[in-house]
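2 protein chains.
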Amino acid sequence: MSEELGITTKKSEDFSKWYDEVCQKAELSDLRYNVKGFIVFRPWATMIMNLMYELLEKELQRKNHFPALFPAVIPKSNFHLESEHVEGFTPEVFWITEHGNGEKLEEKLALRPTSETAMYKMYSIWIRSWRDLPLKIYQRCQVWRYEGKATRPFIRSREFHWIEAHDVFVTKEQAINQVKEDMIISENTLHKEYGVPFIFFQRPEHDKFAGAVHTYAADSLLPDGKVLQQPSTHLLGQNFAKPFNVKFVDKDGKEKYGWQTCYGPCVSRMLASIISLHGDDKGLILPPRIAPIQIIIIPILNDKKAEILKKCKEVEKELEEGSFRVKIDEREEYTPGWKFNHWELKGVPIRVEIGPKDIKNEQVILVRRDNNEKVAVREINLTEKVKVTLEEIQQKLIKKADKFFEEYLFEAKTMDELSKIIKKKGGLVKVNWCGKIECADYIKDETEGGDIRGVRFDKEEKPNDKCIYCKKDANLVVYVGKSY
Amino acid sequence: MSEELGITTKKSEDFSKWYDEVCQKAELSDLRYNVKGFIVFRPWATMIMNLMYELLEKELQRKNHFPALFPAVIPKSNFHLESEHVEGFTPEVFWITEHGNGEKLEEKLALRPTSETAMYKMYSIWIRSWRDLPLKIYQRCQVWRYEGKATRPFIRSREFHWIEAHDVFVTKEQAINQVKEDMIISENTLHKEYGVPFIFFQRPEHDKFAGAVHTYAADSLLPDGKVLQQPSTHLLGQNFAKPFNVKFVDKDGKEKYGWQTCYGPCVSRMLASIISLHGDDKGLILPPRIAPIQIIIIPILNDKKAEILKKCKEVEKELEEGSFRVKIDEREEYTPGWKFNHWELKGVPIRVEIGPKDIKNEQVILVRRDNNEKVAVREINLTEKVKVTLEEIQQKLIKKADKFFEEYLFEAKTMDELSKIIKKKGGLVKVNWCGKIECADYIKDETEGGDIRGVRFDKEEKPNDKCIYCKKDANLVVYVGKSY
Numbered sequence: 001m002s003e004e005l006g007i008t009t010k011k012s013e014d015f016s017k018w019y020d021e022v023c024q025k026a027e028l029s030d031l032r033y034n035v036k037g038f039i040v041f042r043p044w045a046t047m048i049m050n051l052m053y054e055l056l057e058k059e060l061q062r063k064n065h066f067p068a069l070f071p072a073v074i075p076k077s078n079f080h081l082e083s084e085h086v087e088g089f090t091p092e093v094f095w096i097t098e099h100g101n102g103e104k105l106e107e108k109l110a111l112r113p114t115s116e117t118a119m120y121k122m123y124s125i126w127i128r129s130w131r132d133l134p135l136k137i138y139q140r141c142q143v144w145r146y147e148g149k150a151t152r153p154f155i156r157s158r159e160f161h162w163i164e165a166h167d168v169f170v171t172k173e174q175a176i177n178q179v180k181e182d183m184i185i186s187e188n189t190l191h192k193e194y195g196v197p198f199i200f201f202q203r204p205e206h207d208k209f210a211g212a213v214h215t216y217a218a219d220s221l222l223p224d225g226k227v228l229q230q231p232s233t234h235l236l237g238q239n240f241a242k243p244f245n246v247k248f249v250d251k252d253g254k255e256k257y258g259w260q261t262c263y264g265p266c267v268s269r270m271l272a273s274i275i276s277l278h279g280d281d282k283g284l285i286l287p288p289r290i291a292p293i294q295i296i297i298i299p300i301l302n303d304k305k306a307e308i309l310k311k312c313k314e315v316e317k318e319l320e321e322g323s324f325r326v327k328i329d330e331r332e333e334y335t336p337g338w339k340f341n342h343w344e345l346k347g348v349p350i351r352v353e354i355g356p357k358d359i360k361n362e363q364v365i366l367v368r369r370d371n372n373e374k375v376a377v378r379e380i381n382l383t384e385k386v387k388v389t390l391e392e393i394q395q396k397l398i399k400k401a402d403k404f405f406e407e408y409l410f411e412a413k414t415m416d417e418l419s420k421i422i423k424k425k426g427g428l429v430k431v432n433w434c435g436k437i438e439c440a441d442y443i444k445d446e447t448e449g450g451d452i453r454g455v456r457f458d459k460e461e462k463p464n465d466k467c468i469y470c471k472k473d474a475n476l477v478v479y480v481g482k483s484y
Numbered sequence: 001m002s003e004e005l006g007i008t009t010k011k012s013e014d015f016s017k018w019y020d021e022v023c024q025k026a027e028l029s030d031l032r033y034n035v036k037g038f039i040v041f042r043p044w045a046t047m048i049m050n051l052m053y054e055l056l057e058k059e060l061q062r063k064n065h066f067p068a069l070f071p072a073v074i075p076k077s078n079f080h081l082e083s084e085h086v087e088g089f090t091p092e093v094f095w096i097t098e099h100g101n102g103e104k105l106e107e108k109l110a111l112r113p114t115s116e117t118a119m120y121k122m123y124s125i126w127i128r129s130w131r132d133l134p135l136k137i138y139q140r141c142q143v144w145r146y147e148g149k150a151t152r153p154f155i156r157s158r159e160f161h162w163i164e165a166h167d168v169f170v171t172k173e174q175a176i177n178q179v180k181e182d183m184i185i186s187e188n189t190l191h192k193e194y195g196v197p198f199i200f201f202q203r204p205e206h207d208k209f210a211g212a213v214h215t216y217a218a219d220s221l222l223p224d225g226k227v228l229q230q231p232s233t234h235l236l237g238q239n240f241a242k243p244f245n246v247k248f249v250d251k252d253g254k255e256k257y258g259w260q261t262c263y264g265p266c267v268s269r270m271l272a273s274i275i276s277l278h279g280d281d282k283g284l285i286l287p288p289r290i291a292p293i294q295i296i297i298i299p300i301l302n303d304k305k306a307e308i309l310k311k312c313k314e315v316e317k318e319l320e321e322g323s324f325r326v327k328i329d330e331r332e333e334y335t336p337g338w339k340f341n342h343w344e345l346k347g348v349p350i351r352v353e354i355g356p357k358d359i360k361n362e363q364v365i366l367v368r369r370d371n372n373e374k375v376a377v378r379e380i381n382l383t384e385k386v387k388v389t390l391e392e393i394q395q396k397l398i399k400k401a402d403k404f405f406e407e408y409l410f411e412a413k414t415m416d417e418l419s420k421i422i423k424k425k426g427g428l429v430k431v432n433w434c435g436k437i438e439c440a441d442y443i444k445d446e447t448e449g450g451d452i453r454g455v456r457f458d459k460e461e462k463p464n465d466k467c468i469y470c471k472k473d474a475n476l477v478v479y480v481g482k483s484y
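Just so you know, the protein sequences line up as chains A and B, in that order.
Reminder that position 123 of the first sequence reads as 123 in this note's numbering, one-by-one numbering, no gaps.
Reminder that position 321 of the second sequence reads as 321 in this note's numbering, one-by-one numbering, no gaps.
Honestly, the hints are just simulated from the structure, not real lab data.
Everything numeric in this text was worked out from a predicted model, so none of it was measured.
There could be a bad hint or two in this list.
Copies of the same chain look alike in the list, so a pair counts if it fits in one copy or across any two.
What the hints assert, rightly or not - Heads up, simulated DSS-like pairs for lysine-lysine below, C-alpha to C-alpha not over 25 Å straight-line:
(1) K436 / K466
(2) K63 / K172
(3) K471 / K436
(4) K63 / K310
(5) K313 / K63
(6) K192 / K63
(7) K172 / K149
(8) K108 / K36
(9) K339 / K63
(10) K385 / K339
Take the sequences, apply the hints, and build the full model.
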């Protein structure tokens, strides 16, 4: 673990290679586990993800969700209850069929690819009356999907870490409001805390979650202009309530089926956006809210070693009392220069250097990771300066990511224009569409992979021209993008 | 979910039935999921477990452990590298053999029953030099074991939630010190935070973890006098390092195998002890440190509804600012009396009642869950009173549990005495033992299930008599107990 070299690839020259290098050298993930498609989440990534989980769970709880834990295994018979769901997910399921020395199980068990068919079995037992609704439960867990596509750390692997929230309501309207609330939860976490901008699209019919009435998915963009899907929220209607028998007695004494939604923010995948959007040629840059270490203190030692270390400890204590996440790197086997590079690679927002001169001047040197700005700060002002600086970094990272995102929103009137943008730049391109799947297929062919991501949910947009492909009447304004 | 009745079984009359009733009626767990051996962890239990995890992870991190996340699946070839381990665990493994529509996997995958054979594969890659050591990594995860014994919520199920810490050291001595540190971690969490007393025993040879040199396990007691094993820590020596090739180059330039330990505190099982030890005939009693709600505020409404609710909110805000976990139960469909019972059943440490008289007198009524003590508290003193009371409850619960534990430590000189104690009372009974497995087997037969739990780790005890069974020379003082 001790060997380490700086990032050798420039982000602007080869994003994909840069990304892999950051994941490896900042010790975020390891692809060398000997099962295809499975990655190891190393400590630095795990600590970041734990902070992401904490913020996300707090927000879900503020919105009246409760945590629970359901079994990771789903009997085949549950899995088969909703026909579209089973059809959509079966190709991706890992099946447990044996135990011990090869004894067969009575019934095959799916390792959950998602938990509708585990949770709703219990919901049908728990829910009796309108008084039990709304029922809003989430679980923090792993899911497993036998993916065909290439493994990329955090972006795609056969095991990932997410939260899934599954809610039941008395009315359809309440369920629709939940979908909107899920979008607000995404805004309050993914955008405001993690600094990742996105747009929620209502996915076209052919690209819905298996079993949903409507799927709304947040599309974010990576620096290469490709789309990375982030949280999606699904209006399930009564599609699952009926086969799973999720019923309640309403105020009027009548038995009715519940209206359901589910929401799946994938913490490991959100980390992919964080790494990609904020990082630079030196490595990671972490938004302060999710930085496991917000301030790293580096002693610049000379003959006054004891005095300098004492000062470092005082500063650490003061910052800890201010509720910052702070650490001193007092390892003797490494030079200050090596440590600067190391913690820059890891994306720690602020570095504090303390050397002999600083002690004399009752100051410390504060260096910002995001813009390399280096200032001397009077000791007496340190806590306040750190507080302000962390918030500045947080906001600056969001703003920069927003600006990038906006610059990648395009509009095209002709297939030529569209193809050129998708092939050369990427991004999300606004077009008029007739709604026919054939046109979607042709668009994908001609643009070499541009998918119709759907209709914007945050604002109404009306067609102002014919379908970009068939030139017949358009009834939808949609966005095309090439996705991971 | 709305139906609810108080606990109908007295804890002192039928502990086992009382336990199941509390788990069900306090909405902790549900056994009705349709896969044998799998339970659902309902919101209240999950929230408690999340607080338990938080305290445990903080303590592990204070002791220089880092979190990581390893795959849940282990290829058969890894699993087979350590011969005792594979022999011990194979009977309990769930095997993944297929994906999709029944396509066979190239290699069978074990659903992890424990993670040595997943993690050490990576350790052998990561560790190169003495500089990489000690390596101290834990993961918070689920494990799965195909258990034959009956499912009991939190006590035993085929899926459970734990932490496993896996450490590698340069020397054997460092590894032995880690074993001792793991015991301190257990003391600081299980005992001091969760209020569960225990003794660490060095398990006899025939009862070691599969692959360990020595196993040290914490035995706790349930109110029926039966032993429930809690965290165990294992000195693995170089048993895994050799087959997994966990090697490093030492300061002297020579290649050496690492010395390893692993430690497994099972959060879901620790909850079983918490429920059992602290609860009473009204339901759960939660130690304040792990109570998801520490103070429940119940408005006693009459015509001054608005005024009373306003006061409740003020009190809630004040207590929140004091960093307490507090909630108002303002549901209108339930009476105050119903709410008293409900939150007593859930084990919330303090109830605050606010009615019209209290507003007039600028006071609130504070009721303790542990002893039903009811006092009027001047509003101005509330935060301080709550702080002191929560700490009093915390300490009182620990003290009470300690007293119970001490009362169940016995000593026996003859098999008659031993059998009588084990059959009538349970507990942990000190005896002299020759160390032969045959005697252990006879003891188990004659006491109808009394196991030799091992030699106390916390103090040295020397035999003062012959072996309790064979009457030959004894070389060990051990404790016998009947376990879950």
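**Violated constraints from the hint list, given by number and in increasing order** = 7
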